[in-house]
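Residue numbers (the working numbering), protein chains in the order written: chain A, 1 to 286; chain B, 1001 to 1321; chain W, 2001 to 2466; chain H, 3001 to 3246.
These aren't lab readings, by the way, just hints derived from the structure by calculation. Mixed in with the good hints, there may be bad ones.
DSS-like, lysine-lysine: derived pairs with alpha carbons at most 30 Å apart [to be verified]:
no. : chain 1 : residue 1 : chain 2 : residue 2
1   : H       : Lys-3184  : B       : Lys-1197
2   : W       : Lys-2251  : B       : Lys-1133
3   : W       : Lys-2306  : W       : Lys-2260
4   : H       : Lys-3008  : B       : Lys-1184
5   : B       : Lys-1311  : H       : Lys-3132
6   : B       : Lys-1197  : H       : Lys-3224
7   : H       : Lys-3008  : B       : Lys-1197
8   : W       : Lys-2306  : B       : Lys-1159
9   : H       : Lys-3132  : H       : Lys-3216
Here's a subset of chain H near chain B, in silico, CB distances under 7 Å, partners left out [claimed, not checked]:
no. : residue
10  : Gln-3088
11  : Glu-3091
12  : Ile-3093
13  : Leu-3108
If you want the ones that stay clear, here's a sample from chain B, every Cβ over 10 Å from chain W, calculated [unchecked claim]:
no. : residue
14  : Ile-1006
15  : Ile-1010
16  : Phe-1013
17  : Leu-1037
18  : Ala-1079
19  : Cys-1093
20  : Ala-1100
21  : Leu-1109
22  : Asn-1130
23  : Phe-1150
24  : Ala-1175
25  : Tyr-1209
26  : Ile-1232
27  : Gly-1288
28  : Met-1291
Here the structure is a predicted model, which is why all the values come from computation and not from measurement. Cβ coordinates follow ideal geometry from the N, Cα and C atoms, glycine included.
Letter by letter, the chains look like this.
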Amino acid sequence: MPDQLLQQLADGLLIGLMYSLIAIGLTLIWGVMNIVNFAHGEFLMLGMFTSFWLFTLYGIDPIFSIPICFVLMFVMGMLIYRFIVSKVMKGPMLAQLVVTFGLSIFIANLAVYFWTPDFRLLPPTMLQGTWQIGGVALSIPKVAASLGSVIASVCMFFFLKRTKTGKAILATEMDREAALLMGINTERINSLSFGIGAALVGVAGAFLSTYYYIYPQVGGLFGTIAFCVVALGGFGSIEGAFIAGILVGLAQTLGGFYFDPSYKYAIVFMIYLITIWIRPQGLMGW
Amino acid sequence: MRDFTIPKIIAGFAILLLLIVFPMVVSHSFHIHVMILVFMFAMLGVAWNIMGGYAGMFSFGQAAFFGIGAYTSSYLSIAYGVNPWIGLVAGGCAAALVAAAIGYPCSNLRGHYFAIASIAFAEIVRIVFNNWKMVGAAEGLSLPMQNESFANFLFNSSKLPYYYIMLAFLLVSLAVCYFIATSKMGYYFRAIRESHKIAEVLGVDVVWYRLMAIMISAFLSAMAGTFYAQYILYIDPGSVMLLAMSIQIVLISMLGGAGSIMGPVIGAAILVPASEYTRITLGFKGTGMDMLIYGLLITLISMYYPEGVWKLFSRIGRKLR
Amino acid sequence: MWYFLSDEAHSRRRIHFISLYGTVEPFISKLGTEKNMSRRKNVMASKNCTRVLSVALSLLLILFFSVSAQSQQKVIKIGAVYPLTGNIASTGLDCKRGVDLAVDIINGKYDLDLPLAKSAGLPNLGGAKIEMVYADTKGDPKNGMSEAERLITSENVVAMLGAYQSAVTKTASQITERLRIPYVCSDSSSPTLTERGFKYFFRVSPHDDIFARDQFQFLKDLEKKTGQAVHNIAVLYENTEFGSNAGKAYKKYAAEFGYKVVADITYTANATDVTSEVGKLIVSKPDVLMHASYITDAILFTKTFKEMGFQPKGIMTMAGYIEPGYLPSVKADGNYIIVRSTFALDLAKKKPLIGKVNALFKKKYGIDMSENAARSFMAPFVLAEAINRAKSTAPEAIVKALHETDIPGSQTIYPWKGIKFDPQTNQNIYARGTLVQILNQEYVTIWPFDSASKPVVWPFPAWKGR
Amino acid sequence: MNKSVCLKVAGLSKRFGGLAANNDINFSVEEGEIVSVIGPNGAGKSTLFNCVTGFYKPDGGNVFFYGKDITRMRPDRVCKLGIARTFQIVEVITEMTVLENVTTGALLRYSRTQPAMEKAGEILTFTGLYEKRDFLGTDLTIADKKRLEVSMALATQPRLLMLDEAMAGLTKVELREIIDLFRKIRNNGMTLIIVEHVMEAVMQISDRVVVLNSGKKIMEGTPKEVCSDREVIQAYLGEKYSALLK
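Model the full assembly from the supplied sequences, consistent with the hints where possible.
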């Protein structure tokens, strides 16, 4: 029995870190622009398809296609911000919530139109197989994804805390008017954060495509869970999203193993609701 | 809030007359089916509007109340032979209770936080019903084909009775919304929407009024749920409690004009036929073209008409006057 | 009246966009005339204005309304509902391919030992052609119902087939029962569909109850033949209509055949991660796993079994593992898994008809015929043959003919004795499943042993060995 | 004491982490009086307001309103009892017209909207905003917004009105108008507590003045006494300047 516990803990951590990677991008967009990006799941799907096509058409292994995914999704994120999201920023909050829903339906069905709704899976790439560490089987692609998640979080953390643009993003996050007064071009910061947010989730997609199946509707559940992870961690806080992601991953596997697999996601949502009730601004939010 | 001037009342009755005549004239039962869906989603939109439009509580979990209404009345009529009309009220109360259970802890959440909390809550309800053996878990419940009568709320020879019942339900919810909008509660809801601080300073018991908003909204949504169960005669969590349905309800209210009485009705009149007919004309090729247009439509509208179509009319109306 | 001909290359069917002018004009002018009956003088003025108004209105509505006003007397329209968009779209499209091929064979002249293959169209009805009218259910029972009603009332189809998902077939068949239109289903496998005592609902393919019993029968036959006994069974199924029914059937027959159920796990369909489920399986140490799931979870479970080294004596599964997207995704990891099936390409050695049909399928779609397409393939034949024999499209006549249907097994692409419907439940009594095993990425029939083309590989070889 | 004590603050203290925003403050206000609370920025004036009206839960001490302990009471209950207030940063309902704003306030005392609207009309004529009753909250000038906020507070028919820097940012003319308004309100039998920085307005209008500095009450008395008190001047102008004044 004990090795199963270790196995569940390990896998909980691995899937949790994947949730963190997805959530970091979302929390950045949400924190800076106070917009819930309901199309985040679809961005993930686009990242997966990008790495899939790069592999099947040009034979680039997903690990090497990550930088390309980052750049492509960054540009896409900036474009989406400039032509769609920026128009809604001044509108009522309801319109901000709804515009990204429209976007998610549009992107998902664009994928259905171009790439048919069929299921795809990357054949075993450079990273494949499992490590056996004392009875606990760790799948190498998942471990790689978790490493990627840790690296991305650390980079984001230092980028925001140390670099000039990072501080500008944090300033915009805390108080938009004050940031404007300080001479920060908040429009540029918005498109930059949207770009980085989309790029990060694109990278998450690239990692995910190494071990998960790809089809246009894959973003749905991952997106919903990412919202809870971000709200649990507290808006705009990278560390909050990172920790909350791990918590959700562990809650899911342990809850599923010890309680009942079909209530797995109910447990995740329940933990989220309880935390929000006690601390409305989330674990690390202000 | 005296925006109901004389010409508007006449226009209202003219439309009502047209709606009553419509089913007798158009023979294809499919168009009647679409109109029934329009009425149902309009009612759900109006119910959402009481909570989202007026009180500023953007709920993305309306389908949970809809589903609870459908399940309560169906289960009561299958297991205990309770008449669906009583089941209707029971469903409403059950949904209102659940709404209070979730409304109270989230009473201080606002904006996005409330929206995400409502999604989480609705997903929990769906998962619980999906695994609850007593109510048929994932297999859902199918209502027996009893003899057709108004008392049993069941008609299988023609859709006309369903059409008029749903129209009546919609008028009831519009009346409730009108009464609330022009009453003390309406003012207090709009104060709460602006900010809890202002409402509290004016002596508004914010927690109590937010609970009232979510409970009334849940009751009306549950009524629509019971109608759906009696109309389709088969319900399962996958068809009555999906996040996609909650989102469609929000879109309808927003597209029509949240915060106005007729907004959701206009939204439903545009969105529901659009999605039904595009599905027929473009759906069967399997290219997802109809959903593509649907998504594009939503994005463009929230970009260019964020306050909704109804506010557009009233603004034009105000300019003409 | 306008006919708006769509020039889509690959779709041979013309899309009837009929201007609503025909139906709207009387509606408007009647309204117009009633109101102005007394004032004779300006009736003419209002006539012109209504004409202009109705033209404009119909031009606007042409985009939205597709009402086929007039059916050629030589065409018999059959409605088909499938999930053509949404999560299960790839499977829905696969069923559609099977049905389209069947209709081609019926309408054309093919040298195939299939009902009505040799003649063009339906000889007894003057060579009338079959025309399929499809509708997309998006996998939602509500749409299944409204689409069935639309096809019957406005497209006036004479019979219905389809739906693949049992929940959708359930609501769609409620409508056909109420409107008394025959419904022949050959792809939904939930047992409850034929236990509702419906007069107009027929099922050609076996249902999950039969499949479950077959899987346990296989275990008994294996024990007799090779002496390898099995005791503990783990049952794993998704919490959907299909999954929970299959789970019930598994548990029923496990008790009946005297096996001990050591794990009974339901899980959420389309999961992001299934390590906790597989963890529970490993802990329960079953000899054989019985798994019922659609394709998304089938792929995820296969990969997780391999990752966590889940090593039972045998893995027996349903549905998802034989869908067209499964093997291309998991490739070698799918080897040695046993799946229930009604069709397997390797039977072509014993039955050349299968090879010929598959060749036609490959010519038309470029890929081999999948189990889903094969299952849906038969329904049009059963319907067309019955209509032809009934010499009329009246529902009662078709139902009577369907009761007398007795298509020999040789005229089907399945390893059954034939197609004959049980008078009470309208379930094809000869329908039996076969079991195929995935051997180097191909489905090979292994049970019933008499029609097996290769001996079964048992027990399930270790993951590392491959 | 011929007049009853309207508000009594006994030993009120409130800390934010290390900072003692309010530290053992005691004072009381008779019915019909105008009391001003003055002190440099950060002296704890707004904190005092928020503790009295229930927006903050005080850490120590009690607040009595006509003898009833309202220390831990929720803001809406405090308002029901009869204490109305305005905010330092003016807050009005932007999506409602002026009339609707005040009606919302009046609805506290009426169950139906009709009488409430009539009451709102009366109050708007009283505060001089009646002509602008159909303006939307967003379309008002700062002065009008402050006047609207006072009207909303009056609409709840309070017995004590607490104004948080209602005169900040007004021109000379607007200042005089608002002082006349306050005098009119007081003459109707209302008790007023004003937090203010505009000294000449405070000195003209208040019966008594309470001076706070870094959370403690350093002085209480008539305007004249407070003006000449050394410690008050020092608190405001700092030691260097106060030395010059001697």
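We went through each hint and held it up to the structure:
For the given pair, H:Lys-3184 sits about 27 Å from B:Lys-1197 by alpha-carbon distance, which is consistent with the 30 Å threshold. With a CA separation close to 16 Å, the supplied pair W:Lys-2251 and B:Lys-1133 stays within the 30 Å bound. A C-alpha spacing of about 25 Å is found between W:Lys-2306 and W:Lys-2260, which places the hinted pair at or below 30 Å, so the restraint holds. Of the pairs offered as hints, the one joining H:Lys-3008 and B:Lys-1184 is violated, with about 33 Å between alpha carbons and a cut-off of 30 Å exceeded.
Taken as a hint, the B:Lys-1311 and H:Lys-3132 pair is honoured in the structure, with Cα atoms around 23 Å apart against an allowance of 30 Å. Using a Cα cut-off of 30 Å, the hinted pair B:Lys-1197 and H:Lys-3224 is violated, with the two alpha carbons roughly 37 Å apart. Using a Cα cut-off of 30 Å, the hinted pair H:Lys-3008 and B:Lys-1197 holds, with the two alpha carbons roughly 24 Å apart. Our distance criterion of 30 Å between C-alpha atoms is broken by W:Lys-2306 and B:Lys-1159, whose separation comes to about 54 Å.
Between the alpha carbons of H:Lys-3132 and H:Lys-3216 the distance comes to roughly 42 Å, so the proposed pair goes past 30 Å and is violated. Look at H:Gln-3088: its Cβ only gets to about 12 Å from chain B, farther than 7 Å, so that hint breaks. For the restraint placing H:Glu-3091 at the interface with chain B, the shortest Cβ-Cβ distance is roughly 5 Å, inside the 7 Å limit, so the hint holds. Against a cut-off of 7 Å between C-beta atoms, the interface hint on H:Ile-3093 holds, since the closest Cβ of chain B lies about 4 Å away.
With 7 Å as the threshold, the beta carbon of H:Leu-3108 comes within range of chain B, its nearest partner Cβ sitting at about 4 Å, so the hint holds. Distance check on B:Ile-1006: its Cβ is at least 22 Å (rounded) from any Cβ of chain W, clearing the 10 Å threshold; non-interface status holds. In this structure B:Ile-1010 is separated from chain W by more than 10 Å, as the shortest Cβ-Cβ distance comes to about 16 Å. The Cβ of B:Phe-1013 lies farther than 10 Å from every Cβ of chain W, with a closest approach of about 16 Å, so its non-interface assignment holds.
Not every beta carbon of chain W lies more than 10 Å from that of B:Leu-1037, the smallest distance being close to 8 Å; the non-interface claim is violated. Its beta-carbon lying about 18 Å from the closest one in chain W, B:Ala-1079 satisfies the requirement of being farther than 10 Å from that chain. Residue-level check passed: B:Cys-1093 sits 25 Å from the nearest beta carbon of chain W, beyond 10 Å. Every Cβ of chain W is farther than 10 Å from the Cβ of B:Ala-1100; the closest lies at roughly 28 Å, confirming the non-interface assignment.
The claim that B:Leu-1109 lies off the interface holds: its Cβ sits roughly 26 Å from the closest Cβ of chain W, which is beyond the 10 Å cut-off. Against the 10 Å criterion, B:Asn-1130 falls within the reach of chain W, whose nearest CB is about 5 Å from its own CB. Distance check on B:Phe-1150: its Cβ is at least 18 Å (rounded) from any Cβ of chain W, clearing the 10 Å threshold; non-interface status holds. Separation of B:Ala-1175 from chain W is adequate, the least Cβ-Cβ distance of about 27 Å exceeding the 10 Å criterion.
No Cβ of chain W approaches the Cβ of B:Tyr-1209 within 10 Å, the least distance being about 35 Å, so the stated non-interface status holds. Annotated as non-interface, B:Ile-1232 brings its C-beta within 10 Å of a C-beta of chain W; the closest such distance is 6 Å. The non-interface label for B:Gly-1288 is inconsistent with chain W: the shortest C-beta to C-beta separation is roughly 5 Å, within 10 Å. For B:Met-1291, the shortest C-beta to C-beta distance to chain W comes to about 6 Å, within the 10 Å cut-off, and the non-interface label is violated.
When the structure is compared with the earlier hints, violations turn up for hints 4, 6, 8, 9, 10, 17, 22, 26, 27, 28 and for no others.
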